[in-house]
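Novice: Residue numbers (the numbering used here), protein chains in the order written: chain A, -19 to 88; chain B, 2 to 111.
Where hints are given, some of them may not hold.
Only pairs whose alpha carbons sit at most 25 Å apart, straight line, appear in this in silico PhoX-like list of lysine-lysine [said to hold, decoys possible]:
1) B:Lys20 with B:Lys42
2) B:Lys10 with A:Lys72
3) B:Lys20 with B:Lys41
4) B:Lys45 with B:Lys72
5) B:Lys10 with B:Lys23
6) A:Lys(-18) with B:Lys72
7) B:Lys23 with A:Lys22
8) B:Lys45 with A:Lys(-18)
9) B:Lys10 with A:Lys22
10) B:Lys68 with B:Lys10
11) A:Lys72 with B:Lys37
12) A:Lys59 with A:Lys25
13) A:Lys25 with B:Lys37
14) A:Lys(-18) with B:Lys23
15) B:Lys41 with A:Lys(-18)
16) A:Lys(-18) with B:Lys42
17) A:Lys25 with B:Lys41
18) A:Lys72 with B:Lys42
19) A:Lys(-18) with B:Lys20
20) A:Lys22 with A:Lys(-18)
21) A:Lys72 with B:Lys20
22) B:Lys23 with B:Lys53
23) A:Lys72 with B:Lys41
24) B:Lys10 with B:Lys45
25) B:Lys53 with A:Lys(-18)
26) A:Lys72 with B:Lys68
Simulated from the structure, these hints should not be mistaken for laboratory data.
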Amino acid sequence: RKEVEQDPGPFNVPEGATVAFNCTYSNSASQSFFWYRQDCRKEPKLLMSVYSSGNEDGRFTAQLNRASQYISLLIRDSKLSDSATYLCVVSKRRQLTFGSGTQLTVLP
Amino acid sequence: DTAVSQTPKYLVTQMGNDKSIKCEQNLGHDTMYWYKQDSKKFLKIMFSYNNKELIINETVPNRFSPKSPDKAHLNLHINSLELGDSAVYFCASSLEGGYTFGSGTRLTVV
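Given only the sequences and the hints, what does the whole structure look like? Please build it.
Specialist: Pasting the structure below:
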């Protein structure tokens, strides 16, 4: 079983749609949680950290449920520029473990 | 003003050759990493160095040898390259959890 599991997609959505990504992790000792974004042929970049209380950054909302070891990302009013691969990432003692990513394409 | 820089950006080489990829960070981070992203886009850690000392060494063939001359540099040397080594290799650095990735080295073994 992979340490971090994500639905690979692809998700193809129209502009303005709301899209949700889910992720589960297997190591209950994981300490920190993140969503990264990776554009084609580019390096991963931090989108946002994820906290149990839930956190929002503009159109992006992330949520962590430690009991069920589940992480989510919600993108509202999606833009063409949101097209990318979204990586669910967990960290323990500064080592990042990546999910395989969910590919999102926002269509005009 | 590149924060984490890797060279070369592209590397095409024949099977059996030995090659090196260099990485430098100017962020003052104390930990550096090498990650491999294969054709299925799965990013997996290979090595981690903290203040020039190896702290993570995942199961990679011993043909791969990291070298950290100082805490701003972490180079990756690969001996006897194989077709399966073709991938994108990302260097990264961190300080107290904040990670920065280099732009990657696309290695193609032919």
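Novice: Would you mind confirming whether the straight-line C-alpha gap from Lys(-18) (chain A) to Lys72 (chain B) stays at or under 25 Å?
Specialist: Violated, at about 31 Å.
Novice: Mind checking the alpha carbons of Lys20 (chain B) and Lys42 (chain B) for me, to see if they're no more than 25 Å apart?
Specialist: Cα-Cα ~22 Å, so holds.
Novice: Between the alpha carbons of Lys41 (chain B) and Lys(-18) (chain A), is the straight-line distance 25 Å or under?
Specialist: Status holds; Cα separation ~14 Å.
Novice: Given the hint that Lys53 (chain B) pairs with Lys(-18) (chain A), does the C-alpha gap stay at or below 25 Å?
Specialist: Violated - the C-alpha atoms of Lys(-18) (chain A) and Lys53 (chain B) are around 30 Å apart, more than 25 Å.
Novice: Is the straight-line distance between the alpha-carbon of Lys25 (chain A) and that of Lys41 (chain B) 25 Å or less?
Specialist: holds, 19 Å
Novice: Mind checking the alpha carbons of Lys(-18) (chain A) and Lys20 (chain B) for me, to see if they're no more than 25 Å apart?
Specialist: It is violated: about 31 Å lies between the C-alpha atoms, which goes past 25 Å.
Novice: Keeping to a limit of 25 Å between CA atoms, is the pair of Lys20 (chain B) and Lys41 (chain B) held or broken?
Specialist: holds, 23 Å
Novice: Would the hint linking Lys72 (chain A) and Lys42 (chain B) be met if the CA-CA limit is 25 Å?
Specialist: holds, 22 Å
Novice: Given the hinted pair Lys68 (chain B) and Lys10 (chain B), is their alpha-carbon gap at most 25 Å?
Specialist: holds, 19 Å
Novice: Taking only the CA atoms, is the gap from Lys45 (chain B) to Lys(-18) (chain A) under or equal to 25 Å?
Specialist: holds, 11 Å
Novice: Within a Cα-Cα threshold of 25 Å, do Lys(-18) (chain A) and Lys23 (chain B) meet the stated pairing?
Specialist: Between Lys(-18) (chain A) and Lys23 (chain B) the Cα gap is close to 30 Å, so the pair fails against 25 Å, i.e. violated.
Novice: Straight-line Cα separation of Lys23 (chain B) and Lys22 (chain A) no greater than 25 Å?
Specialist: Since the Cα atoms of Lys23 (chain B) and Lys22 (chain A) sit roughly 18 Å apart, the hinted pair holds (cutoff 25 Å).
In this structure, the earlier hints numbered 2, 6, 14, 19, 21 and 25 are contradicted, and the remaining ones agree with it.
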